[in-house]
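Each of the two chains sits in its own frame; use the hints to bring them together as a complex.
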Amino acid sequence: MTDGQTITCDALVVGGGIAGLQSALDLADQDFSVVIIEKDLSIGGKMIRLSKVFPTLDCSSCITTPKMASAAHHKNITIYTWCDLKELTSNKGSVRARVTQKPRYVDQDKCIGCRKCEYSCPVYVPDPEQGGFCATKAIRIPFSNAIPQTAALDPESCMLCGKCEKICPTGAVDYFQKPFDFTIEATTTILSTGFEMTTIEGKPQYGDGKVPNVVTALQMERLLAPHGPYNRVLRPSDGMEPDSIAFVQCAGSRDKSMGIPYCSRFCCMYAIKQAMLLSGALPLADIYIYYMDIRAFGKGYEQFYQTAKAMGIGFIKGKVGRIEEAENGSVAVRFEAQDGTGVTTENHDLVVLSLGVLPDWSPEGICSVSTAEDHFIQTVQPSIGPTLTSRQGIFVAGAASGPKDIVDSISEAGAAAMEASNYIIAQGK
Amino acid sequence: MSDKNKKKNKNKAEQERKEDMKRLREERKSSIQRAATMVKTQRKDLKVLMKQMGSESATAPELAQATGMDVAQVIWYLATLKQYGEVVEGAKNGSYFTYKLVVKEPEEAVA
Ligand SMILES: Cc1cc2nc3c(=O)[nH]c(=O)nc-3n(C[C@H](O)[C@H](O)[C@H](O)COP(=O)(O)OP(=O)(O)OC[C@H]3O[C@@H](n4cnc5c(N)ncnc54)[C@H](O)[C@@H]3O)c2cc1C
Ligand code: SF4
Ligand code: SF4
Chain A
1 MTDGQTITCD ALVVGGGIAG LQSALDLADQ DFSVVIIEKD LSIGGKMIRL SKVFPTLDCS
61 SCITTPKMAS AAHHKNITIY TWCDLKELTS NKGSVRARVT QKPRYVDQDK CIGCRKCEYS
121 CPVYVPDPEQ GGFCATKAIR IPFSNAIPQT AALDPESCML CGKCEKICPT GAVDYFQKPF
181 DFTIEATTTI LSTGFEMTTI EGKPQYGDGK VPNVVTALQM ERLLAPHGPY NRVLRPSDGM
241 EPDSIAFVQC AGSRDKSMGI PYCSRFCCMY AIKQAMLLSG ALPLADIYIY YMDIRAFGKG
301 YEQFYQTAKA MGIGFIKGKV GRIEEAENGS VAVRFEAQDG TGVTTENHDL VVLSLGVLPD
361 WSPEGICSVS TAEDHFIQTV QPSIGPTLTS RQGIFVAGAA SGPKDIVDSI SEAGAAAMEA
421 SNYIIAQGK
Chain B
1 MSDKNKKKNK NKAEQERKED MKRLREERKS SIQRAATMVK TQRKDLKVLM KQMGSESATA
61 PELAQATGMD VAQVIWYLAT LKQYGEVVEG AKNGSYFTYK LVVKEPEEAV A
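For the record, the sequence lines run as chains A and B.
Mapping to the numbering used here: the first sequence position 5 is 5, numbers consecutive.
Mapping to the numbering used here: the second sequence position 9 is 9, numbers consecutive.
If we strip away everything but chain B, and leave its shape as in the complex, we get (with noise of 0.2 Å):
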């Protein structure tokens, strides 16, 4: 097959491929249009978080009242970002443990 063939059935598969994830897009439009909106909420309750945290350790319930946000989300985003190693333990403050952000170099953090 010649060169120009060959990019002209490349271009084809791609074309094509559009055109079925347009259509996969459409037939998933609940889903995804709910998935879409609850990242919103995740991204946004993340950066007040981790923004919250800076450098600092904090419990749960402290980070709670500093952000706003019910202690038991707090919870579950620190017990989620330390599965996915952005958080680590500290030290227990009467009751409560602490946690505090891993600093990675720019390369090592993930999307």
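So here's chain A without its partners, still in its complex pose (with noise of 0.2 Å):
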């Protein structure tokens, strides 16, 4: 691809996460032309991240790994990752998007992902793929199976030492690669954008980040995939095996004081998942969940809490109002018991913080779709077409519009799928 370089297709997808993927794949297997664009050096979105899902417990990367794999294969679909879209506008049975490709300092048609760059180059800098708990290096390939597999540079941290250009056996490190535009012409548009957190330090009662052993719930993702940081389970402040966990649920969703009165509707199952597998990985060790309620509404998932009430986890019933630090790196977490027993304070090794959910993206600006009250783009008809925009001919799936468990994020992908193929089959193309 070039700069200034037009490329058609019947249909864009915005956002590589597994409600994009999907989209495009059974976009693709319909013979239509699919362009991806993808903000992160990855497509996979988060749940490349995880460790494993719930509630079959079945291996996060096992089930993305593939369908990543066969998008970046398919002959209908092409894939740009590290983009920013600037303008999407659509007008009668036509989408036009402009965008930027970012530079990556790394020749992706030459890169063969061999990482010896990365082994070589001197500076280490926190790895945000392992929730910054070990180091990555200035320039690397993102994550093990990351799609694709090239590395990338980050000037930021570059001593810019040339001994990453002098190994590479490709010749594939550009110091003075430039972004660039180029612009996708499509028929139609499924905006699979996704969520992302709110921030640890956003709440000062929860100690705004600076307590240790307080981890957000993608951190402790980390910590228990099979290549995470440490390959187990250990506290960050001192490497120490806990033996005491707790979570603390709705701690940044529900709370009108955050801005976000609404739920975020999978953390309660993430949590009684992450407990699960913890008490798998720490059998001794105590684990709690405290809670306002228990919000298991899928197939199975009533199941799956019982499971985990049986396996000897701790629900308290109760919301949290304070957490300190406490000796030794120990997290005393305050809260008000709903069980009659008042106020009281509780120590644990670590603690996981379940926070909000926000839209990753805002159309704001780029393109005119209408967004909700929570900002997450609106579905005009939520009860009969929950893929429909504000837009003809612009269709939204996954936690775009929402947070969104794994399950309902892939069957409205199916959804805004077919709804892009009815919509290019109707303008005659």
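Treat each hint with caution, since some may be false.
In the BS3-like style, the derived pairs of lysine-lysine whose C-alpha atoms are separated by at most 25 Å in a straight line are [unchecked claim]:
#1 Lys-22/B with Lys-102/A
#2 Lys-47/B with Lys-163/A
#3 Lys-166/A with Lys-7/B
#4 Lys-22/B with Lys-166/A
#5 Lys-116/A with Lys-104/B
#6 Lys-12/B with Lys-178/A
#7 Lys-166/A with Lys-29/B
#8 Lys-44/B with Lys-116/A
#9 Lys-10/B with Lys-110/A
#10 Lys-163/A with Lys-104/B
#11 Lys-29/B with Lys-110/A
#12 Lys-163/A with Lys-12/B
#13 Lys-10/B with Lys-166/A
#14 Lys-166/A with Lys-51/B
#15 Lys-4/B with Lys-163/A
#16 Lys-178/A with Lys-29/B
#17 Lys-10/B with Lys-163/A
#18 Lys-40/B with Lys-116/A
#19 Lys-102/A with Lys-29/B
#20 Lys-116/A with Lys-82/B
Hints listed in this document are in silico derivations from the structure and should not be mistaken for laboratory results.
Following this line, the structure appears as structure tokens:
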């Protein structure tokens, strides 16, 4: 692809998470040409970063990696990663996207993913893909099952020492790469831009991110993952194997003071999942979940919750009011129990916050689809057409329109693909 | 093209590249400075840590106590060195795992 080039296709999918990949695969299998643009260095979204998935406890990467590979190898799908969507307009049966290709400082066509550059680079930087619990390098393959397996250099951390360029066997490192714009013209678009979590720093009562051994649920996914930072669950302040772990639910959702009055839908279930996985990884540890109420609404979810209880996971009904640093790296959790015992403080070795869920992308100033009160993309016929947006020919799938688990995201992605397919056919293309 | 001309062109390209790199270094002066300072600290820390590890296995708190480094920093380096195959996890000592340096043949060692 070159500067100023225009690419034409039947459908443009914005966001390469599980919803976007499913929509793209469904359309491509119907012989429509699809372009996926992804803002990250790899496709896969949150799901590729998870350890196992509720309610089956299947390995997340074992499900996501084949989908990523199928999309990457599909003859009708073209994927552009590390992209910035600048503008998306729709008009009479066609959409037009203006996209900026950000520089990786590595030629994607030449890179063979050997990681020689990464091993030779002298700069260690906190690895965001491992929750910051260990380091990666200033030039690196983003993570082991990333697609594409192409290195990227972070210019903010690079000393320009030249080692990576010298060692690269294919001459792929290019310090002079510049961003460039290209255009995509399609008949229809599916927005599958997903969600992000509120930050751990958002709530002073919960320590503002300054209390050691208070981690986010996504960080816990990394601690539980087989290729995680320690390859086991340890607490980050000193490497101790924790004996007591607590989950704090609604730590940023259903909370008007944070501007997020709505429920995150999947936090109860992922906390129960993580608690179960922890009890397998650390059989002697005490595991507690502080909750307001458990929302186990999907197929098999209530059974999952009951199994967790039977496994000995402690469910404490009560709102946590304060989280503070205690002695020897412990975390003090102060809460009001709803069983009448009143305000109590318990110390734990590790505390996991189930943070709030926000949209990962705002269409404001880029695309004229409407958003709802919660800022997620508005679905104009939620009961009979949950993938229809306020603009004809632009559909939405997955967590882009609101917090949604994987099963719902995938089925919605299929529905969006069918709507898009019907739309393309109706345009006579 | 004669050999002389080829050589001349090559020299010119090399000279231009040198100039371009110089300009890029100037543009990225502040981030290069930041990265260089960070690398200096990391090299110092890693030297101290690896010297302390020697051929013995030790836990993160033991290494922190022996080196005077912050224990959170020690476990961060250990996890990193483990990712890059420089350190392996050993037996458990109480609630902590021990770590040991991987002894490498000289040509195996990474920069
Ligand atoms: C800690 C945790 C554990 C979970 N565990 C489970 C579980 O066990 N089971 C389960 O069913 N669900 C689980 N979930 C929920 C699950 O992650 C979501 O259901 C799923 O990721 C939704 O998929 P998605 O594709 O809609 O969104 P995402 O996974 O968020 O993917 C969206 C993609 O779009 C990209 N994107 C965003 N904006 C743009 C843009 N402007 N241009 C281009 N690309 C863009 C993003 O980079 C991303 O790759 C968990 C969630 C969390 C936080
Ligand atoms: S040039 Fe930059 S990215 Fe490459 S090895 Fe040196 S510091 Fe690392
Ligand atoms: S940039 Fe070069 S050294 Fe780095 S992974 Fe790609 S091919 Fe290997």
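Hints, one by one, checked against the model:
Note on Lys-22/B and Lys-102/A: the hinted pairing holds, with a Cα-Cα distance of about 23 Å set against a maximum of 25 Å. For the given pair, Lys-47/B sits about 20 Å from Lys-163/A by alpha-carbon distance, which is consistent with the 25 Å threshold. Straight-line distance between C-alpha atoms of Lys-166/A and Lys-7/B comes to about 21 Å, which keeps the hinted pair within the 25 Å bound. Restraint check for Lys-22/B and Lys-166/A: the C-alpha separation of about 17 Å stays at or below 25 Å, so the hint holds.
At roughly 17 Å between alpha-carbon atoms, Lys-116/A and Lys-104/B fall within 25 Å of each other, so this suggested pair holds. Proposed proximity of Lys-12/B and Lys-178/A is supported: the alpha carbons are some 23 Å apart, at most 25 Å. Of the pairs offered as hints, the one joining Lys-166/A and Lys-29/B holds, with about 21 Å between alpha carbons and a cut-off of 25 Å not exceeded. For the suggested pair Lys-44/B and Lys-116/A, the alpha carbons sit about 24 Å apart, so the restraint of at most 25 Å is met.
Between Lys-10/B and Lys-110/A the alpha-carbon distance is near 23 Å, which keeps this suggested pair within the 25 Å criterion. Simply put, Lys-163/A and Lys-104/B have alpha-carbon atoms about 21 Å apart, close enough for the 25 Å limit, and the pair holds. Taking the CA atoms of Lys-29/B and Lys-110/A, the gap is near 28 Å; set against the 25 Å cutoff, the hint is violated. Distance hint between Lys-163/A and Lys-12/B is fulfilled; the C-alpha atoms sit about 23 Å from each other, no more than 25 Å.
For the hint pairing Lys-10/B with Lys-166/A, the CA-to-CA distance comes to about 18 Å; that is within 25 Å, so the pair holds. Restraint check for Lys-166/A and Lys-51/B: the C-alpha separation of about 29 Å exceeds 25 Å, so the hint is violated. About 31 Å separates the Cα atoms of Lys-4/B and Lys-163/A, which puts this hinted pair outside 25 Å; it is violated. For the given pair, Lys-178/A sits about 18 Å from Lys-29/B by alpha-carbon distance, which is consistent with the 25 Å threshold.
Restraint check for Lys-10/B and Lys-163/A: satisfied, since their Cα atoms lie roughly 22 Å apart, inside the 25 Å limit. Straight-line distance between C-alpha atoms of Lys-40/B and Lys-116/A comes to about 22 Å, which keeps the hinted pair within the 25 Å bound. With a C-alpha separation of about 21 Å, the suggested pairing of Lys-102/A with Lys-29/B holds against the 25 Å cut-off. A C-alpha spacing of about 17 Å is found between Lys-116/A and Lys-82/B, which places the hinted pair at or below 25 Å, so the restraint holds.
The structure is inconsistent with the numbered hints 11, 14, 15, although it conforms to all the rest.
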